[in-house]
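Number of protein chains: 6
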Amino acid sequence: MKDDTAPRARDVIFGTQQPRIQQRLDDLDPDLGAYIRDFAYDTVYDRPALDLKVKELIACTLLVSLGSPPELRTHIRGALNAGATEAEVRDALMLCVPYLGFPRVVAAFEVLRHHLASKERPAPVTGAGPVDSGDQ
Amino acid sequence: MKDDTAPRARDVIFGTQQPRIQQRLDDLDPDLGAYIRDFAYDTVYDRPALDLKVKELIACTLLVSLGSPPELRTHIRGALNAGATEAEVRDALMLCVPYLGFPRVVAAFEVLRHHLASKERPAPVTGAGPVDSGDQ
Amino acid sequence: MKDDTAPRARDVIFGTQQPRIQQRLDDLDPDLGAYIRDFAYDTVYDRPALDLKVKELIACTLLVSLGSPPELRTHIRGALNAGATEAEVRDALMLCVPYLGFPRVVAAFEVLRHHLASKERPAPVTGAGPVDSGDQ
Amino acid sequence: MKDDTAPRARDVIFGTQQPRIQQRLDDLDPDLGAYIRDFAYDTVYDRPALDLKVKELIACTLLVSLGSPPELRTHIRGALNAGATEAEVRDALMLCVPYLGFPRVVAAFEVLRHHLASKERPAPVTGAGPVDSGDQ
Amino acid sequence: MKDDTAPRARDVIFGTQQPRIQQRLDDLDPDLGAYIRDFAYDTVYDRPALDLKVKELIACTLLVSLGSPPELRTHIRGALNAGATEAEVRDALMLCVPYLGFPRVVAAFEVLRHHLASKERPAPVTGAGPVDSGDQ
Amino acid sequence: MKDDTAPRARDVIFGTQQPRIQQRLDDLDPDLGAYIRDFAYDTVYDRPALDLKVKELIACTLLVSLGSPPELRTHIRGALNAGATEAEVRDALMLCVPYLGFPRVVAAFEVLRHHLASKERPAPVTGAGPVDSGDQ
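Line by line, the protein sequences are chains A, B, C, D, E and F.
For reference, each letter of the first sequence is one residue, going 1 to 136 in my numbering.
For reference, each letter of the second sequence is one residue, going 1 to 136 in my numbering.
For reference, each letter of the third sequence is one residue, going 1 to 136 in my numbering.
For reference, each letter of the fourth sequence is one residue, going 1 to 136 in my numbering.
For reference, each letter of the fifth sequence is one residue, going 1 to 136 in my numbering.
For reference, each letter of the sixth sequence is one residue, going 1 to 136 in my numbering.
With the rest of the complex left out, here is chain A (with noise of 0.2 Å):
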């Protein structure tokens, strides 16, 4: 279902995190990391009509009408590396407004600033690098 010389969704996504992203779902549980991996990410995830921008914009939306999971934060990391831009990111979230209400809007724009502050500050010089928790 996959154009082979297309990267795979969840490396663009996940980007640098999948090993360690990967890792917290099948320590949750074995089959269920392998379920996400297999069948959302590389089976639907990888379907070849839409690219991948807007694959992760209709993510980030669903996700605000779930109430911003944590997953949110994924992917709006996941729609940056998909080449959208901030200001798209925040339109798809703002789209939410007429559908869904501002609580459910308000909660996600608190998950992009959180995202976006944690951007600006300089990483720390300790040897693991950056794990922001919470994400998947």
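One thing to keep in mind: the hints can contain errors.
To be verified - Calculated lysine-lysine pairs in the DSBU-like style (CA-CA distance at most 30 Å, straight line):
| no. | chain 1 | residue 1 | chain 2 | residue 2 |
| --- | --- | --- | --- | --- |
| 1 | B | 53 | A | 53 |
| 2 | D | 53 | F | 53 |
| 3 | D | 119 | D | 53 |
No wet-lab data here; the hints were simulated from the structure.
Using the hints provided, position chains B, C, D, E and F relative to the given structure of chain A.
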């Protein structure tokens, strides 16, 4: 908030059915009709960062999250009117599976099927032209 | 928990249709019918701090949040029976817009419109009296 | 993930209607039909720890939480096919009251009532056999 | 849409914390802050049919339906600011039990408890004045 | 509605923590505490058709549908107290994937992981005994 040379989102989404749809909303409540036109469409929808096709694909998936109310059909048509292919609409609906589960998505594909089936039938020759109930 | 001189909430909300509505619930399941009468109405609804009109306006908006199931029509009628004006019902439904978005509210105004339309029609002269299906 | 001597979950749940139901899903979208069969049923449903009756009672209550879409009827029938008694189905639906409130549960008992009523009627003598629309 | 002699809904609801709350929303996104102020409050909230106390009790219960996001505390305070008694707030939250079930309501009473507890403590004597995080 | 020789559902579910949990609910609101004890547990939960293990597995999945509020941990423990194995709890949570999607299920497995991790640690030797906050 809008580029004056671009058509308004609601002109493209609703197409020739705009007067009928706006009238139906105004009949429910004139203020409700005005809020949808002035705030939802002419303020939020006309924000400039995303193109209308992406906005409409996002709208479709948000309506799947809400249980596929009648507005889903309007925005499936809106996505197609804005240049989305049928395959893009299908992949947007399918991307809801990992976030929302199957029942919401099955309901959405039922709406898509009804819409596609109504387009295949030859238009009735009565004077009033096609009117699809339940649209917004 | 109830002032003995005040009418029971369910007497006002259901009016002359109370026997029919209770019978319909008992037919679904006698225990379910009893829980709704004894717990929902005679315990929770009959709490003393709020007047019934306010309770029914709250009930209407909670039912909007649930996607306007058939109970919404019962409680729109209940709010009117408890002394709410049509304008108060409309403003209660409209207050859902900033919290829940437009699709839930459009569905609610459709229910209101059906209720108001059914009241405008002259009652049928058949013996059985008015029966509006789908009410609870 | 499945004991080879046990029947597949979908064989028991759908019974003689499996070809019709699978065809309906494939008609909506062939990939959607395949995901439901291969992932939802043959991967998740066929996990070994719980017996099928318990799985179907859980499925029923999850569908109540989603607002009782048409799939609820399929899984009420599935629970009965897997050996649940009518009293067990009723108590599973009733257990949703403290978690989800009454409107969701009333809607579910309406579905149960329709299912039970359709079984009491003598089968039509036309050749095609019984076909209950709206099932999945 | 507003009686010029009546105070604005947001002046009463937010009280002395209005500048802080508006600033927090504007920091998330200036357009989001403007939409909430101009559309949610100065257009929808200032509709004339219901008094502000009733609007705020409705707002509280809608926020219970959304899972008690931080805005619930703002509107519990808003209901009290608009003249609701603690008993009225408790009965409004309790009325959510038959519609939404217990878990949503337990979460709401936790928010109420936190709000009441914070009011009982003597104000700190530091210069900056009380700041309750998480409010909107 | 209850076999007098069987233990009450809430005795098994809450175990030794019942007094603490009931006190916490009563502190939120004495009527709320009474409704949960008398209606939710001693009326609905004590219905006779299903055994307690099945009821608790259903409760767990309904709480997943609600976004895994703190009650989920109580009922994971309740399911284990009622005789469910860890594998049965895992398969019940996993069955939510096709109905609710992955984010709700990931959140639920996080709760399970916290519960299992807290049991592995040796109990503190302070006098008061273990108190896990956020339980109900």
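*Taking 30 Å as the top limit, are the C-alpha atoms of residue 53 of chain B and residue 53 of chain A close enough?*
Roughly 13 Å between the alpha carbons, so the hint for residue 53 of chain B and residue 53 of chain A holds.
_Run the distance test for residue 119 of chain D versus residue 53 of chain D: straight-line Cα separation, threshold 30 Å._
OK: residue 119 of chain D and residue 53 of chain D at ~20 Å, within 30 Å.
_For a C-alpha distance cap of 30 Å, please report whether residue 53 of chain D and residue 53 of chain F respect it._
holds (13 Å)
Every hint, counting from the list given before, is met by this structure.
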